[in-house]
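J.: Quick mapping for you: the protein sequence lines, in order, are chains A and B. The letter at position 104 of the first sequence is residue 104 when you use the numbering used here, and the numbering goes up by one with no holes. The letter at position 126 of the second sequence is residue 1126 when you use the numbering used here, and the numbering goes up by one with no holes.
Source of the hints: derived by calculation from the structure; they are not laboratory data. A couple of the hints might just be wrong.
If you anchor each label on the Cβ, the simulated ranges turn out as follows [said to hold, decoys possible]:
{"no.": "1", "chain 1": "B", "residue 1": "G1035", "chain 2": "A", "residue 2": "K148", "range": "42 to 52 Å"}
{"no.": "2", "chain 1": "A", "residue 1": "E46", "chain 2": "B", "residue 2": "P1070", "range": "53 to 63 Å"}
{"no.": "3", "chain 1": "B", "residue 1": "R1066", "chain 2": "A", "residue 2": "K50", "range": "48 to 58 Å"}
Think about it this way: if two alpha-carbon atoms lie no more than 25 Å apart in a straight line, the pair counts; the simulated DMTMM-like pairs of lysine to aspartate or glutamate are [as the list claims (entries may be wrong)]:
{"no.": "4", "chain 1": "A", "residue 1": "K167", "chain 2": "B", "residue 2": "E1110"}
{"no.": "5", "chain 1": "A", "residue 1": "K189", "chain 2": "B", "residue 2": "E1086"}
{"no.": "6", "chain 1": "A", "residue 1": "K100", "chain 2": "B", "residue 2": "E1028"}
{"no.": "7", "chain 1": "A", "residue 1": "K167", "chain 2": "B", "residue 2": "D1060"}
{"no.": "8", "chain 1": "A", "residue 1": "K100", "chain 2": "A", "residue 2": "D160"}
{"no.": "9", "chain 1": "A", "residue 1": "K71", "chain 2": "B", "residue 2": "D1081"}
{"no.": "10", "chain 1": "A", "residue 1": "K115", "chain 2": "A", "residue 2": "E169"}
{"no.": "11", "chain 1": "A", "residue 1": "K71", "chain 2": "B", "residue 2": "E1056"}
{"no.": "12", "chain 1": "A", "residue 1": "K189", "chain 2": "A", "residue 2": "E79"}
{"no.": "13", "chain 1": "A", "residue 1": "K167", "chain 2": "B", "residue 2": "D1081"}
{"no.": "14", "chain 1": "A", "residue 1": "K71", "chain 2": "B", "residue 2": "E1088"}
{"no.": "15", "chain 1": "A", "residue 1": "K174", "chain 2": "B", "residue 2": "E1110"}
{"no.": "16", "chain 1": "A", "residue 1": "K148", "chain 2": "A", "residue 2": "E116"}
{"no.": "17", "chain 1": "A", "residue 1": "K71", "chain 2": "B", "residue 2": "E1110"}
{"no.": "18", "chain 1": "A", "residue 1": "K100", "chain 2": "B", "residue 2": "E1056"}
{"no.": "19", "chain 1": "A", "residue 1": "K167", "chain 2": "B", "residue 2": "E1086"}
{"no.": "20", "chain 1": "B", "residue 1": "K1151", "chain 2": "B", "residue 2": "E1056"}
{"no.": "21", "chain 1": "A", "residue 1": "K189", "chain 2": "B", "residue 2": "E1056"}
{"no.": "22", "chain 1": "A", "residue 1": "K71", "chain 2": "B", "residue 2": "E1028"}
{"no.": "23", "chain 1": "A", "residue 1": "K71", "chain 2": "B", "residue 2": "D1085"}
Remember, predicted model here, so these are calculated numbers, not experimental data. Every residue, glycine too, gets a C-beta built ideally from N, C-alpha and C.
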Amino acid sequence: MTRTPLLAIPVLVGLAFSSAVGGGPLPIGATIPMLDVAMKNVDGKELNLKSVVQPAGTLVVFTCNHCPFAKRWESRIIELGNAYAAQGIGVVAINANDPKAYPDDSFEAMQVRAKEKGMEFPYVVDATSNVARAFGATKTPEAFLFDKNGKLVYHGAIDDNGEEPSKVENRYLKLALEAVLAGNEVPVKETKSIGCGIKFRT
Amino acid sequence: MSTISALVLAVATALPAAAPAPVPAGAEAILAEVGKPGASAVLVNVWATWCAPCREEFPDLLHVARELAPKGLRLVLVSVDFPGDEAETLSFLTSQGVDFPTFLRTGKDEAFVNGLEPQWSGAIPATFLYDANGKLVRFWEGKASYPVIKKRAQKALDTKETR
C-alpha cells in the first residue's frame, strides 16, 4: 500500500513552513546534541560540548558579535554566564554565523569582544553551523539550558526586554538557572524574543 | 521661471518624497491591517534597518508589491528597529521609495511574536503571506529572492479563484 503516505502529505504539510532550519527547536526534555563536535574557542584551543557539560547543569547560548539584539543582551549574557559558571554551571557561547556575511563575526573579532567584555566562559565557533542546526537555533541570542541530568529544561530568551534593561519584568534565564541549581522545576520553560536570523554556513 | 527656481524644482522632483513615519503597532494592530477589506492577499514583512538580509530583501519585496498591487496584493511592512532609530528607519524607507503607511513594532517581543504567529521563532527577516480571508497560507524566516516572493504571492492571489 503505497498510496497512503502520499495522501497523508497534504495533511502533514498543512501550512507550508519554510525556514533556514525546518526541523524546529530541540524540544524540552531533549538531551544535548553534537557533544563531540570540536569547536574553536577564543583562546585558540578546540573544545566540544562534552567538555563544557557540568554535573550541576549546562548553559548553551547562541550569540554573535554583529547582531544588535545580541549586543543589547550581551552584558546580561556575560553577567549571567560568569556568575553561574562560578556556581558550577557549564557555560558556552556559540557563534554559528557565517563571517562572510558578517565580518564582525570573524574569529578575531570574537577574541577581541570576549576579552573586552570579560567573558569568563568559552566563546566558540560553530564552523559548519551544524551545532546550531542540531539545536534548532534560528537566531541570536537564543539560550538552551540543560539540567543535571543533561535534559533541556529551558529554551528561549535571556529576559523579556532586550531594548531596555531597566524595564525587564521577567528574568527567564536567571530564574531557570536558579531552578536548575536548586533542583527545582523551571517555572517558564519556553520563551521567545526577536533576534537576528542565524546566517547558516552552507 | 528663474534659473534658480527651475533648479530647485528639478532637485525637488528628483528626490523621493519622504516616507510616512511608521505607525506604532502591536501584533493585534498588524493582524487588523491584514484583515482590512480590499486585498486579495497580504504580505507582512518584519524587518529592521540594521538587519543586512532585511535590507537586501527590501527592494525585491517592494518590486513584487508594486507589480502585484493591481491584482490585489497588499504589503504590510513592520520595523522592529529600536527606540531612538526613528530617523534612520524613516531615511531608509524614503530611500526605498516607500510612499504608503508602514508600522513600528511596539510591546514585548514574546507577545508580538506569538501574537503574530506562534510558529515564528522570532528570527528576522520574517515574512507572512495571508489570503483574502486573512488566513496565513505561508511564512518564512530569512530572506527570499524576487522570483520566490513573486511566485508565492502569485499563488496566494490565485487561490482566491477557488474560494
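J.: Check each numbered hint against the structure and report the violated ones by number, ascending.
T.: 5, 6, 7, 8, 10, 16, 21, 22
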